[in-house]
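If you're matching them up, the sequences are chains A and B in order. Going by our numbering, the first sequence opens with residue 1, and the numbers climb by one from there. Going by our numbering, the second sequence opens with residue 1001, and the numbers climb by one from there.
These are calculated hints, taken from the structure and not from any lab test. Take these hints with a grain of salt, some might be off.
Said to hold, decoys possible - Using 27 angstroms as the maximum straight-line C-alpha spacing, the simulated BS3-like pairs for lysine-lysine come out as follows:
{"id": "1", "chain 1": "B", "residue 1": "K1136", "chain 2": "B", "residue 2": "K1097"}
{"id": "2", "chain 1": "A", "residue 1": "K269", "chain 2": "B", "residue 2": "K1097"}
{"id": "3", "chain 1": "B", "residue 1": "K1097", "chain 2": "B", "residue 2": "K1081"}
{"id": "4", "chain 1": "B", "residue 1": "K1151", "chain 2": "A", "residue 2": "K129"}
{"id": "5", "chain 1": "B", "residue 1": "K1151", "chain 2": "B", "residue 2": "K1089"}
{"id": "6", "chain 1": "B", "residue 1": "K1133", "chain 2": "B", "residue 2": "K1097"}
{"id": "7", "chain 1": "A", "residue 1": "K129", "chain 2": "B", "residue 2": "K1158"}
{"id": "8", "chain 1": "B", "residue 1": "K1133", "chain 2": "B", "residue 2": "K1158"}
{"id": "9", "chain 1": "A", "residue 1": "K403", "chain 2": "A", "residue 2": "K192"}
{"id": "10", "chain 1": "B", "residue 1": "K1089", "chain 2": "A", "residue 2": "K192"}
{"id": "11", "chain 1": "B", "residue 1": "K1097", "chain 2": "B", "residue 2": "K1083"}
{"id": "12", "chain 1": "A", "residue 1": "K192", "chain 2": "B", "residue 2": "K1097"}
{"id": "13", "chain 1": "A", "residue 1": "K192", "chain 2": "B", "residue 2": "K1158"}
{"id": "14", "chain 1": "A", "residue 1": "K129", "chain 2": "B", "residue 2": "K1199"}
{"id": "15", "chain 1": "A", "residue 1": "K88", "chain 2": "A", "residue 2": "K269"}
{"id": "16", "chain 1": "B", "residue 1": "K1081", "chain 2": "B", "residue 2": "K1151"}
{"id": "17", "chain 1": "A", "residue 1": "K192", "chain 2": "A", "residue 2": "K307"}
{"id": "18", "chain 1": "B", "residue 1": "K1136", "chain 2": "B", "residue 2": "K1151"}
{"id": "19", "chain 1": "A", "residue 1": "K307", "chain 2": "A", "residue 2": "K403"}
{"id": "20", "chain 1": "B", "residue 1": "K1097", "chain 2": "B", "residue 2": "K1158"}
{"id": "21", "chain 1": "B", "residue 1": "K1136", "chain 2": "B", "residue 2": "K1158"}
Said to hold, decoys possible - Between beta-carbon pairs, the in silico distance windows are:
{"id": "22", "chain 1": "A", "residue 1": "P141", "chain 2": "B", "residue 2": "R1096", "range": "30 to 40 angstroms"}
{"id": "23", "chain 1": "B", "residue 1": "E1090", "chain 2": "A", "residue 2": "M265", "range": "18 to 28 angstroms"}
{"id": "24", "chain 1": "B", "residue 1": "R1096", "chain 2": "A", "residue 2": "W422", "range": "21 to 31 angstroms"}
{"id": "25", "chain 1": "B", "residue 1": "E1090", "chain 2": "A", "residue 2": "A205", "range": "11 to 21 angstroms"}
{"id": "26", "chain 1": "A", "residue 1": "M265", "chain 2": "B", "residue 2": "K1081", "range": "16 to 26 angstroms"}
{"id": "27", "chain 1": "A", "residue 1": "P359", "chain 2": "B", "residue 2": "V1085", "range": "27 to 37 angstroms"}
Nothing here was measured: the structure is a model prediction, and the numbers come from that model. All C-beta atoms in this analysis are idealised placements derived from N, C-alpha and C, irrespective of residue type, glycine included.
Below are the chains, spelled out letter by letter.
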Amino acid sequence: MNAPANSFVRNALIEPQAAPRNTVGITGWMRQNLFSSPLNGVMTVLILAFIVWMVTPFIRFTLVNAVWEGADRSACATATGACWAYVKAYLPQFVYGRYPAAERWRVDIVFLLLVVGLVPMLIPRVPYKRLNALFLIGVFPIVAFILLTGGHVRLAGNLIPSSLMAPSPLRFAVQYAIIAALIIGGLALFAKLAERPVKGSGTTASIILGYIAVVLFLVSLDFGLVPVETANWGGLLVTLVVAITGMVAALPLGILLALGRRSNMPVVKLASTIFIEVWRGVPLITVLFMASVMLPLFLPDGVTFDKLLRALIGVALFQAAYMAETIRGGLQAIPRGQYEGAMALGLGYWQMMRQIVLPQALRISIPGIVGSFISLFKDTTLVIIIGLYDFLGQIQASANDAKWASPVTGLTGYIFAAMVFWAFCFAMSRYAAFTERRLDRGRR
Amino acid sequence: MSDPSVATIEAPHVPPTSLTVSSTDVAVQMVDVNKWYGEFHVLRDINLTVMRGERIVICGPSGSGKSTLIRCINRLEEHQKGKIVVDGKELTNDLRKIDEVRREVGMVFQHFNLFPHLTILENCTLAPINVRKMPKREAEEIAMHYLSRVKIPEQANKYPGQLSGGQQQRVAIARSLCMNPRVMLFDEPTSALDPEMIKEVLDVMVGLAMEGMTMICVTHEMGFARQVANRVIFMDGGQIIEQNDPVSFFTNPQHERTKLFLSQILH
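Input sequences plus hints: build the corresponding full structure.
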């Protein structure tokens, strides 16, 4: 039988055998990834040498030759390494800005509450997520606002002419009641005209308006706290306030804009598209400038907006436009069949979006969302151009202080700023990667 | 070309099963339905009356409009002319009517369209809880009942991605049944399945037919058509070309186009 046989029957099955020794373990990994060919071996050695050459001076500057202790510039004047003594001396300013020293405990409480609220929220195993979210979104912002500003906001109600009623909290309350009644009445009228009452919309509106009323009442109370103007805020406090407000406001707004841009209703679609394209087409610096310099020109006399508040609104709207496009990308990745499956079961538009489409779209968008959160976090440094001193701005300002002026002071400050920003951004990035893996588990 | 009025025969044929078909209770009625995709005329003068308890199989070459036809019945597609009445409710632009109809009409898709981020059980309870406002517990009981019926109760806590195609399609059927629909639409339910899995899905569908469910199936499973259908409809070019009881349809097709089609698919 010389010709290749057409038939074959295996008599004995082959048992599994161990893989060749040099293809597994550390040796195997190195052989495969670092020294797979002579050229790659040379490259590996060269790159290792390059890394050592780069990193050594950095370590020498930041650690070996660094000055750790000292009371003023004399400690660092001749130093060839980083002046950590300066960072240590200035740390309170970096964190609180010009917030009065006697009142800084209020900022500390806010930071503490943030950590207490956020950490259990971020750990999936911790129960009571609903209560936790309620605290973070409904309670924490009010407490933070009252603690940071001092509360005791004077509400006067500008819409009712003074000839009818003197400016007072009572006038504001009357005005608020009228507006609330108009909104609820308008909803009822709309439901009647459209002949399609949205179930519970009246209750929802009442709850929201009631909540706003409670919030307004609380912030107008006098808790005996010394008022601290936002002009005195600074450092990490401003960075975190701008970044967190921007993120929290931008996400829901971005979702609505993304849904609006994909809507079948031409007016909604057009409005969303215009909003997104206008805000995305303008640099953030321009937005901040407009908010700080131009906006007051358009407002009627006597109406003043806090500068920080204006920056917050500008950042939030700017960020919402980017967020909308990121989320729209996720929405586009959801196959038509998912919509059809949901519709065929009789789910309404909002039910379908909330239960089926958005959970999947947001999951796909996580890398993009976190990407824009990270860039927002770094973009907060731009508020310096409208005279707000964020973390980086505070460091920059302090580097010019004659008490600490030395050749290495500025450099040290920037290295410190870079490290802190990197720590925040890297943490966000890692957490996002963790979430992605966690959410992906069920799908395989 | 057959006269469109022929399409409204009130099930005069002897059904292939012993199940009775209501002679007075209309489940779905389509009168002179026309639909265009832009300029393209995809459905032309469709007249079809489906009685409660009837089992209809629609077949035809791809692009003949058969999927579009059944997707019009729960308004996944909008028709531009004519009248569609489902369970006594006419489909118009009235969103409330559309929602009402969709609640009563179950649909099974070629690609299952399960929700990949929800477990099998959650897939089944989602609509009863959100649409019928059923308490979660009750919805889960019902879901387990139907999952047992399609013979996969043990998969309840898995995700769709962990199941085979045949199992996924059976879940999709259970998911529809959880809404207790009065009519079931099947849009090529076995076309995306491996040959070995087709039978398990068809078995479930046969079982459903035996219980008297009103079914409209777009399928090329001619064995299934022979076994359970009261009527087979052949479509081409957006029109109903021929319809008849399965025995006559397969043994004695009248129209040339039908003969050609059958000669291609029956070996």
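So, going through the hints one by one against the coordinates:
A threshold of 27 angstroms between alpha carbons decides the hint, and for K1136 of chain B with K1097 of chain B the separation of about 26 angstroms falls inside it, so the pair holds. For the proposed pair K269 of chain A and K1097 of chain B, the alpha carbon gap of about 25 angstroms is at most 27 angstroms, so the pair holds. Between K1097 of chain B and K1081 of chain B, the direct Cα distance comes to roughly 18 angstroms. Compliance with the 27 angstroms bound is thereby established for this hinted pair. For the hint linking K1151 of chain B to K129 of chain A, the alpha-carbon distance of about 35 angstroms lies beyond 27 angstroms, and the restraint is violated.
Note on K1151 of chain B and K1089 of chain B: the hinted pairing is violated, with a Cα-Cα distance of about 34 angstroms set against a maximum of 27 angstroms. At roughly 18 angstroms between alpha-carbon atoms, K1133 of chain B and K1097 of chain B fall within 27 angstroms of each other, so this suggested pair holds. For the given pair, K129 of chain A sits about 23 angstroms from K1158 of chain B by alpha-carbon distance, which is consistent with the 27 angstroms threshold. Restraint check for K1133 of chain B and K1158 of chain B: the C-alpha separation of about 24 angstroms stays at or below 27 angstroms, so the hint holds.
For a cut-off of 27 angstroms, the pair hint linking K403 of chain A to K192 of chain A is broken: about 71 angstroms separates their Cα positions. The straight-line distance between the Cα atoms of K1089 of chain B and K192 of chain A is roughly 23 angstroms, inside the 27 angstroms bound, and the hint therefore holds. In summary, the hint linking K1097 of chain B to K1083 of chain B is supported, as the alpha carbons are separated by about 14 angstroms, within the 27 angstroms threshold. Proposed proximity of K192 of chain A and K1097 of chain B is supported: the alpha carbons are some 17 angstroms apart, at most 27 angstroms.
Proximity of K192 of chain A to K1158 of chain B is assessed by CA-CA distance (about 44 angstroms); at most 27 angstroms being required, the pair is judged violated. A threshold of 27 angstroms between alpha carbons decides the hint, and for K129 of chain A with K1199 of chain B the separation of about 45 angstroms lies outside it, so the pair is violated. Under the criterion of a C-alpha separation no larger than 27 angstroms, the hint pairing K88 of chain A with K269 of chain A is inconsistent with the structure, at around 53 angstroms. At roughly 42 angstroms between alpha-carbon atoms, K1081 of chain B and K1151 of chain B are farther apart than 27 angstroms, so this suggested pair is violated.
Of the supplied pair hints, the one linking K192 of chain A and K307 of chain A is violated, its CA atoms being roughly 42 angstroms apart against a limit of 27 angstroms. Among the hinted pairs, K1136 of chain B with K1151 of chain B is consistent with the structure: their alpha-carbon atoms are about 22 angstroms apart, no more than 27 angstroms. Taking the CA atoms of K307 of chain A and K403 of chain A, the gap is about 30 angstroms. The hint is violated against a cut of 27 angstroms. Between K1097 of chain B and K1158 of chain B, the direct Cα distance comes to roughly 35 angstroms. Violation of the 27 angstroms bound is thereby established for this hinted pair.
A threshold of 27 angstroms between alpha carbons decides the hint, and for K1136 of chain B with K1158 of chain B the separation of about 18 angstroms falls inside it, so the pair holds. Taken as a hint, the range 30 to 40 angstroms holds for the pair P141 of chain A and R1096 of chain B, whose Cβ atoms sit roughly 38 angstroms apart. Checked against the given bound of 18 to 28 angstroms, the beta carbons of E1090 of chain B and M265 of chain A, roughly 24 angstroms apart, stay inside it. Remark: the range hint 21 to 31 angstroms for R1096 of chain B to W422 of chain A is contradicted by a beta-carbon distance near 55 angstroms.
For E1090 of chain B and A205 of chain A, the hinted distance range of 11 to 21 angstroms is not satisfied, since their beta carbons lie about 33 angstroms from each other. The beta-carbon spacing between M265 of chain A and K1081 of chain B, approximately 24 angstroms, falls within the hinted interval of 16 to 26 angstroms. Roughly 36 angstroms separates the CB atoms of P359 of chain A and V1085 of chain B, a value that falls within the hinted 27 to 37 angstroms.
Of the numbered hints stated above, those contradicted by the structure are hints 4, 5, 9, 13, 14, 15, 16, 17, 19, 20, 24, 25, listed in ascending order.
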